[in-house]
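Novice: Okay, here's what each chain looks like letter by letter:
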Amino acid sequence: MYEAVHAHPDGDSTVARQALTAAEYGFEGIVVRNHGDDPADYDAAAVADAYGIDVADGVEVRADTTSQASGLVGNHRSKRTVVVVHGGDRAINRFAVENPTVDVLAHPMRDDGDFNHVLANAAAENGVRVEFSLGPVLRDSGGSRVRALQDLRKLRELIEDADAPYVVSADPRSHLELRGPRELIALGERIGFTADQIRGGLEAWGYLVERNRRLTDDSFVEPGVRLDETDG
Amino acid sequence: MKHLPKHLQPRWRYLAVELETWPDADVDRRAFQREVWYAAQNLLGDTGSADADATVLRFEHDDGLGHAIVRVRRGQTDAARAALACIGSVDGVPVGLRVTGTSGTVRACEEKYIRGPAEPFEQRHVVFENAERRAVARETRVDVRTDHTFVGATDLDFR
Numbered sequence: 001m002y003e004a005v006h007a008h009p010d011g012d013s014t015v016a017r018q019a020l021t022a023a024e025y026g027f028e029g030i031v032v033r034n035h036g037d038d039p040a041d042y043d044a045a046a047v048a049d050a051y052g053i054d055v056a057d058g059v060e061v062r063a064d065t066t067s068q069a070s071g072l073v074g075n076h077r078s079k080r081t082v083v084v085v086h087g088g089d090r091a092i093n094r095f096a097v098e099n100p101t102v103d104v105l106a107h108p109m110r111d112d113g114d115f116n117h118v119l120a121n122a123a124a125e126n127g128v129r130v131e132f133s134l135g136p137v138l139r140d141s142g143g144s145r146v147r148a149l150q151d152l153r154k155l156r157e158l159i160e161d162a163d164a165p166y167v168v169s170a171d172p173r174s175h176l177e178l179r180g181p182r183e184l185i186a187l188g189e190r191i192g193f194t195a196d197q198i199r200g201g202l203e204a205w206g207y208l209v210e211r212n213r214r215l216t217d218d219s220f221v222e223p224g225v226r227l228d229e230t231d232g
Numbered sequence: 001m002k003h004l005p006k007h008l009q010p011r012w013r014y015l016a017v018e019l020e021t022w023p024d025a026d027v028d029r030r031a032f033q034r035e036v037w038y039a040a041q042n043l044l045g046d047t048g049s050a051d052a053d054a055t056v057l058r059f060e061h062d063d064g065l066g067h068a069i070v071r072v073r074r075g076q077t078d079a080a081r082a083a084l085a086c087i088g089s090v091d092g093v094p095v096g097l098r099v100t101g102t103s104g105t106v107r108a109c110e111e112k113y114i115r116g117p118a119e120p121f122e123q124r125h126v127v128f129e130n131a132e133r134r135a136v137a138r139e140t141r142v143d144v145r146t147d148h149t150f151v152g153a154t155d156l157d158f159r
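In the order they appear, the protein sequences are chains A and B. Counting from 1, position 72 in the first sequence corresponds to residue 72 in UniProt numbering; the numbering is continuous, with no gaps. Counting from 1, position 62 in the second sequence corresponds to residue 62 in UniProt numbering; the numbering is continuous, with no gaps.
By construction, these hints were calculated from the structure, which means they are not laboratory data. Worth double-checking, as some hints may not be accurate.
[What the hints assert, rightly or not] Cross-link-like lysine to any residue pairs, in silico, SDA-like; alpha carbons within 25 Å at most:
| id | chain 1 | residue 1 | chain 2 | residue 2 |
| --- | --- | --- | --- | --- |
| 1 | A | K79 | A | D111 |
| 2 | B | K112 | A | G52 |
| 3 | A | K154 | A | R190 |
| 4 | A | K154 | B | D51 |
| 5 | A | K154 | B | Q41 |
| 6 | B | K112 | B | T102 |
| 7 | B | K112 | B | I69 |
| 8 | A | K154 | A | N126 |
| 9 | B | K112 | A | E24 |
| 10 | A | K154 | B | G45 |
| 11 | B | K2 | B | D51 |
| 12 | A | K79 | A | G26 |
| 13 | A | K154 | B | K112 |
| 14 | B | K112 | A | N126 |
| 15 | B | K112 | A | E160 |
Keep in mind the model is a prediction, meaning the values are calculated, not measured.
Given only the sequences and the hints, what does the whole structure look like? Please build it.
Specialist: What follows is the structure, given as structure tokens:
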């Protein structure tokens with residue numbers, strides 16, 4: 001299972017500290033999803049080596065307009081393993097689910113964002129994973145938490161109906177905001193998810209990382225064709 | 001009052017909880033117990049909270065690291081685990097926490113899941129983002145003091 005984290009300067013802990021804590025909590029890997037304007041400076045291989053956890057290079061593209069988002073996704077696609085779009089705006093949500101080069105649409109219900117069956121079907125068709133963000137349930141209280149729970153319910157019903165792919169994350173901004181997989185599963189079961197949905201959503205980050213690494217590998221030619229190492 | 005016959009006594013499960021905070025934070029048992037009750041009530045409601053009956057038995061917190069044993073009714077460990085996950089701060093101090101294990105007795109819980117006293121931390125001076133900063137280090141963890149708060153790092157960040 002993987003967790004997708006924001007690291008310093010986009011959060012309060014460095015990539016190394018997030019990785020160390022995530023490894024202790026039982027995650028197999030982390031995806032660094034810093035916003036595009038706040039990139040982290042780190043050596044993924046060294047961190048992965050030191051703490052025995054996979055560290056994948058990602059980005060969360062934040063844009064005001066769809067044309068800006070489109071440009072940024074194009075820029076980052078060839079450089080990053082996982083490309084996430086910062087959702088929460090209706091136009092951006094729609095742009096993300098209609099764009100097969102996007103891996104994940106993050107927190108589509110945040111702010112004045114909304115989701116519907118048309119977007120869910122588009123996400124299913126284009127293989128764009130929609131994020132269930134547990135962050136507000138873990139950290140907010142009162143009315144905003146109730147709204148977050150209502151939004152998660154709506155999103156879950158739409159995603160289940162369209163059979164669209166999804167990911168789950170606690171969206172931690174420091175190592176103190178990380179929560180272990182068992183805790184997230186227990187919480188998910190309280191708020192209407194099944195244990196398998198939460199586990200699957202956490203594992204989905206790992207599939208994305210593995211698939212994208214395979215596709216960008218030099219030996220990959222086209223689906224079903226890859227170059228093998230041979231002597232002479 | 002006369003105590004209950006054995007088959008009517010409640011069965012308990014004991015959750016070992018590990019806590020982490022920034023090094024300057026101060027958290028005590030009463031504050032943590034209050035947060036446990038709030039978290040249970042907010043997530044599980046009055047009925048669920050009464051069913052889980054989460055009580056903090058042992059609590060220790062010193063220099064940014066701590067542990068607790070939380071007693072819950074048997075069969076309610078997942079509910080309690082979910083409620084504990086929702087504790088983001090104690091007395092306004094951000095905390096990270098996880099359940100390291102569950103046992104049927106306090107003693108087994110302490111022996112299996114609670115680590116011994118943490119290594120003492122040391123004050124250090126580090127260069128972080130081209131500025132010399134004070135930091136608090138323990139084993140591989142290094143908390144760098146910045147202008148208003150801390151940044152969590154490890155010794156890998158200072159090579």
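Novice: Hints the structure violates: just list their numbers, smallest first.
Specialist: Checked against the structure, the hints that fail are numbers 1, 4, 12, 13, 14, 15, while the rest are satisfied.
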